[in-house]
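Could you build all of it, start to finish, from the sequences and the hints given here?
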Amino acid sequence: MALALTSDDRALLHGDAGAAAADAMTILTAFAAAVGAEAFLDIAGAHIDGCLYHGQVSLDFVERFVAAGGRVRVPTTLNVGSLDLIHPEIMRQPLAEQAPARRLMAAHEALGCLPSFTCAPYQTLFRPRFGQQIAWGESNAIVFANSVVGARTNRYGDFIDLCCALTGRAPAFGLHLDENRHGTVLFRLHGFPESFAPSDALYVAVGLILGSRSGERVPVVEGLPPPRDEDQLKALGAAAASTGAVGLFHAVGITPEAPTLAAALGGRPAGETILITPADVLAALARLSTVPDGTPIAAVCLGTPHFSRAEWDRLLALLDRVAPARGIPIYVNTGRATLAALEREGNLAGMAARGLVPVADTCTYITAILARPGGAVMTNSGKWAHYAPGNIGVEVAFGDLEDCIASAAAGHVIRRTP
Amino acid sequence: VIRHGCFHVEGDAAAPALVLAEALSFWGGVDATTGAIIDRSHPNCGRNLTGRILVMPGARGSSSSSSVLAEAIRLGTGPAGIVMARPDPILIVGAMVARSLYGLSCPIVVAPIDGIATGDLIRIARSETGEAAIFLSQQSLSVARRSS
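Sequence order for the protein chains is A and B. The letter at position 311 of the first sequence is residue 311 when you use our numbering, and the numbering goes up by one with no holes. The letter at position 21 of the second sequence is residue 21 when you use our numbering, and the numbering goes up by one with no holes.
Everything hinted at is true.
Okay, the calculated bits of chain A under chain B, using three or more residues with CB under 8 Å as the criterion:
id	stretch
1	19-32
2	135-148
3	386-394
From the derived model, a few chain B residues whose C-beta atoms are all more than 12 Å from chain A:
id	residue
4	Gly51
5	Pro112
6	Ala125
7	Thr129
Worth flagging that the hints you see were computed from the coordinates, not collected in a lab. Quick caveat: nothing in here was measured; it's all calculated off a predicted structure. Glycine is no exception: its CB is placed at the ideal position from the N, C-alpha and C atoms.
Following this line, the structure appears as structure tokens:
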């Protein structure tokens, strides 16, 4: 069926809401036709991935809307940029090279986007509600919103997320619609002890496996132990969206659209069942590390996706207990609002001596922050471990939070478990 | 050989194929300044996609891939076209924006990719019915004969 436009859609196209909204609606209409949408729907909010600078095209696209007087029509948060605007002194990049990235972040603010600069907008006041239609960019945010919150967005890429924000409309296709949200491939944890203490690494490994085996299907996981908190699901989703194209997963008995296996599958049989064994978990995790245990480390990188308050509380307790003193920097990416609250409460006092370097507004694997990018870096993030070798040319060791801090104290990679 | 596909971004292109064994994320996977594949976990890491018809099962990973594809097209380091077995909205947007801002074409076609080998010449054109037509001239067999 062809794309049907409402009178409001046509008014947007004809410029009734301004030239920028008309431009955005023109792009959206072509996009909607390409993906086979039959209509548009209203969105309650947007999250924009486009303030990370990728070259001239980033500026050309956004500044065209700024010049046309564009304003977003729904509450709109911003993803990380290429700079830490809160701690400009940690950028290892000449000011002149920072100028386009700074201009790009400012251009998005000029359109009325909120300067949240976080990849975890679900940790902010703008966390969506169950069932809300939204248009989000940023792969980890997309999978979290759909899976853990039960809000509804497709995997919107740069540009189209902003077009949705400028119009308040999104094409009604894919994960916006009931019929596409049921699971179509089942992953079953198999061969694990009856009850076991789930490590953070288990969730990362399951995410890596879901991503690499699901293709365009919606995965359902059965047998996953109840997570300690939503951060373990954050890590699972981020990993699945790195090795694959997962925009929604269901964890039976855990995520809101999967109270039972039957509900997760929409009452239909799973197209395929894939077993995840302890050996699969170990193999997936082993692939994340490019260096063996005992390798000297130059830094620890945490907070990809951005560290939540709960993760900070665990980290700060660990830093107190382990007290690393070798001066190895422990970079922690986090949202500026989370960081401001920690500083206001005095929680970071004395932590610089432990090596702590808070990073806001950006992420250590996309920009020139690391002091010694030539050395091995340890991380508790499957996503960081997946992308950093290609992005910034580092060797990586993956381990859980406790191992990362123990390694910072020892000066080399220590892991109790792989 | 002709096969039919569905245009997700229209256009004509003719170039040798670069067939990827796995889905690729352009962000974190392609250096837009050179067109090289840089994702170290990807089996085709090190290959260069500039001027090729990129043939792959699907896309994966970052939503920033739209920007990286559009920037590569702007710089002339991008693929001449993309043939994918599974559609990907993120790459569609990158190619659409490159056309809208710069008038540069990188058609994206969803079609079966089995039997296409790196080096095969591919021509993408619009068929009389408005579908995508892929003309495939297989070079791999003749290369194999020459080298044996």
